[in-house]
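*Asks:* Here are the chains, one letter per residue:
Protein chains: 2
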Amino acid sequence: MTRPTTLADFRYDPDSDDDFIDTKFVAIEIARLLSEGDTQSVADFLVSQEIADVAAWLEELDTAPAMQAMRLLPLHDQAEVIGYLRPASQMIVAAQMGRRELARVMSAMSHDERADLFKQLDADAQEALLPSLSQAEREDLRRLAAFEEGTVGAVMTSDYATLRPEMTTSEALEALRAQAVDAETIYTAYIVDAGRALIGVLSLRDLLIARPRQKVVEIMDGEPIYVRAEAEQEEAARLIARYDLIALPVCDADDRLVGIVTADDAMDVAEEEVTEDIYKGSTLGPIETSVKDATIVMLYKARIYWLVLLVFGNIFSGAGIAAFEETIAAHLALLFFLPLLIASGGNAGTQSATLMVRALATGDVRPMDFGRLLGREVLIALALGLTMAAAVAVIGVWRGGPEIAVVVSLAMVVIVLMGALIGMSLPFIFARLDRDPAAASGPLVTSLADVLGVVMYFSIARVVLEI
Amino acid sequence: MTRPTTLADFRYDPDSDDDFIDTKFVAIEIARLLSEGDTQSVADFLVSQEIADVAAWLEELDTAPAMQAMRLLPLHDQAEVIGYLRPASQMIVAAQMGRRELARVMSAMSHDERADLFKQLDADAQEALLPSLSQAEREDLRRLAAFEEGTVGAVMTSDYATLRPEMTTSEALEALRAQAVDAETIYTAYIVDAGRALIGVLSLRDLLIARPRQKVVEIMDGEPIYVRAEAEQEEAARLIARYDLIALPVCDADDRLVGIVTADDAMDVAEEEVTEDIYKGSTLGPIETSVKDATIVMLYKARIYWLVLLVFGNIFSGAGIAAFEETIAAHLALLFFLPLLIASGGNAGTQSATLMVRALATGDVRPMDFGRLLGREVLIALALGLTMAAAVAVIGVWRGGPEIAVVVSLAMVVIVLMGALIGMSLPFIFARLDRDPAAASGPLVTSLADVLGVVMYFSIARVVLEI
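Sequence lines, in order, name chains R and E. Going by my numbering, the first residue of the first sequence is number 1, and it counts up by one from there. Going by my numbering, the first residue of the second sequence is number 1, and it counts up by one from there.
Hints were generated in silico from the structure; no laboratory data involved. Cβ atoms here follow ideal geometry from the backbone N, Cα and C, with glycine treated the same way. Any given hint might turn out to be false.
Going by beta-carbon spacing under 7 Å, a handful of chain E positions derived as facing chain R [to be verified]:
#1 298
#2 300
#3 311
#4 347
#5 358
#6 429
All chains should be modelled from the sequences, with the hints used to inform the complete structure.
*Replies:* Shown next, in the form of structure tokens:
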């Protein structure tokens with residue numbers, strides 16, 4: 001692939017695998033053209049490109065050229081670009097705009113992205129902005145912004161398409177056409193009664209293949225899948241994935257339609273959820289922003305809690321060693337195998353925990369499968385332990401003689417079995433107690449396996465070596 | 001919430017949070033009604049329900065009632081249900097059906113799911129099935145089944161909707177209506193020339209709001225985002241997420257349209273990818289099937305490789321300890337802090353690695369951000385190390401006196417800093433070498449941190465205690 005040398009040459013290339021270099025190149029070109037006063041070339045280029053790419057280029061630019069480039073776009077595109085920017089960049093854009101300009105752009109934004117942006121503004125900026133918005137926009141903003149982070153209400157959007165049950169299919173098609181510009185999606189329409197209660201959903205596909213005289217109520221799905229605005233976000237993501245939905249309707253406690261969650265927003269929620277689970281499984285606290293934007297203090301706080309807790313956990317391992325000081329002093333060769341044995345229990349345990357946490361998260365395994373899987377895990381752990389014991393037996397003879405080899409091999413089998421059972425059981429126990437199984441992985445398993453490993457190793461050593 | 005007592009009472013309930021009990025209840029009811037010969041009630045119930053749910057209930061039933069229940073559904077629903085079943089269950093269904101019945105159902109399946117099912121059949125079953133399929137279906141199957149696992153071609157489907165550039169918008173709408181029953185989606189249509197080269201995409205939304213006399217070529221997006229059939233699956237998932245697409249067109253090397261990847265298939269790919277990354281980061285090899293269906297041998301193989309490798313890795317830690325036997329024998333109290341210090345380096349390192357691997361995977365951080373993040377990491381690690389040193393200093397004085405306390409505190413700061421730098425750097429190094437950063441986390445970081453931790457601890461001890 002040859003690299004483009006001017007913006008006019010630049011086009012989407014599925015065979016390029018270095019997005020970053022392209023991004024950098026385009027950003028530099030935009031800055032150069034703007035500094036030369038050639039705004040027309042930049043405008044022509046930007047309007048022909050994907051909004052997500054335009055946002056990525058603006059992220060690379062300094063504030064002044066970024067604002068200049070963005071203002072070359074039509075209002076609706078500006079609104080979309082802002083939706084793609086990182087929160088930190090959105091705040092810069094909002095600060096650069098006068099309240100009138102900001103209000104105009106926000107009116108054109110999709111309702112959920114507008115509410116997200118609004119929530120980030122400080123109270124003064126919020127108050128300053130409100131008078132420039134329409135009554136309906138103000139109310140919509142206040143309503144969406146009121147939902148707690150992590151709930152469906154906080155990710156849903158209110159710009160959905162609705163139909164009335166008594167419409168004919170041709171009236172319905174006309175109604176969707178009229179809503180097509182503003183609605184987040186028109187591929188699924190929501191049928192509401194006079195009190196805005198959700199009574200059905202209808203896909204545009206089913207509407208298109210219906211006969212022109214049929215009524216919406218006859219062809220709609222009258223028992224739609226929906227979710228409550230107060231439910232957890234992951235519930236919406238789970239339903240969209242399970243039922244392969246384009247969008248999921250959201251109702252309040254009285255079954256009134258209050259919003260929808262789209263599949264692409266659900267993908268973002270699922271990604272956040274995975275990140276959260278990965279952090280939980282590895283001694284990291286929640287981090288409110290992206291790692292790149294996080295401050296030193298935020299990262300320190302997210303990391304110190306578990307690290308200090310594990311310091312105290314490891315004190316128990318130390319106490320275990322101290323309890324066997326005499327045995328160790330008499331057989332210093334035992335120390336050679338100490339890191340190996342305690343690490344092996346932790347490693348086998350972490351494997352089991354990782355498998356079980358992931359299987360529980362994807363729904364592949366359910367809490368009631370525990371019994372059936374336990375027997376299998378014992379067999380696997382025995383096989384793993386015996387293989388590893390064979391591997392260390394040779395080293396045991398060489399470093400400490402046949403007696404040490406027996407101790408180390410025996411301890412290996414016992415410790416791997418114990419580690420695997422802890423790693424497998426903890427996620428199930430957490431699930432049964434209605435806590436997140438992800439919190440059971442990594443550190444907790446390793447710490448438990450470490451302490452028990454030390455005690456088992458030296459107990460076996462004492463028994464075998466001192467008879 | 002009150003539980004339903006008959007199938008007729010059963011309906012979707014957004015406020016129930018125990019899917020499993022509902023699933024179990026419905027499966028038992030279906031089995032009971034079938035054993036009483038009341039097939040009509042079962043049929044009425046099943047056709048009114050979501051396909052994904054029907055599949056979940058069939059999974060709970062024994063083979064005979066499951067087959068009986070499935071055959072109560074219309075052909076098209078049967079085809080869809082099979083697409084939702086786990087691969088192991090699909091094989092049971094295929095084995096239960098005669099080749100004629102199987103061919104009929106497979107003709108009704110979506111093309112990608114049909115190809116997936118076909119690939120799982122053994123060679124004899126494949127040969128037996130082919131004559132019962134149409135010529136076009138045979139060719140489609142062979143073509144889709146030929147793509148290597150992990151490529152876009154292996155997840156794409158060939159039942160997409162196409163339009164010709166010279167059509168008017170009303171002709172285009174008619175054409176989509178005609179393709180609506182068979183196409184995987186009609187919300188995005190693909191415009192191809194006479195040689196099937198992809199020359200544009202058009203959303204149904206844009207088609208609906210266009211004027212009736214406009215031509216497709218005037219309103220289509222003539223520079224569509226697309227992907228090659230030979231590219232990696234994750235590339236398709238990444239593009240769909242980045243550009244918020246409903247479906248992504250797939251072209252061969254000559255830019256001819258050969259398939260599409262839909263957003264819901266991309267979600268499945270993204271989930272698999274996350275699972276793969278999590279496994280890589282925790283000493284697990286690839287597991288071809290679900291954990292629940294995996295055999296003991298499969299799980300043993302996926303786990304033993306790294307465990308034995310780590311045995312040899314930990315031998316180095318043991319050798320490190322052996323090298324300091326004299327120092328240890330003279331100050332046995334040092335052993336008390338050994339598990340603590342080596343674990344702390346590993347824990348801090350794993351945190352850094354987890355943060356960086358995830359940030360690189362989501363695109364939040366790019367390989368060239370390394371320099372900027374390194375300085376921040378040093379400051380955070382120093383802050384973490386100092387806090388942890390303060391926590392152990394007290395215990396150091398109590399267990400071993402002031403000299404040991406100095407050794408342990410000093411070692412803690414050095415080891416945490418070293419662990420954090422290893423954990424942060426490895427993912428970046430892997431990314432630079434074009435290897436998957438996920439492989440750099442957990443075990444590798446911990447092993448490196450362990451060996452270096454042992455050496456640093458006892459080196460500091462020797463210097464401080466023997467002057």
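*Asks:* May I ask which of the numbered hints given earlier this structure violates, with the numbers listed in increasing order?
*Replies:* Violated hints (numbers, rising): 1 and 6; every other hint is consistent with the structure.
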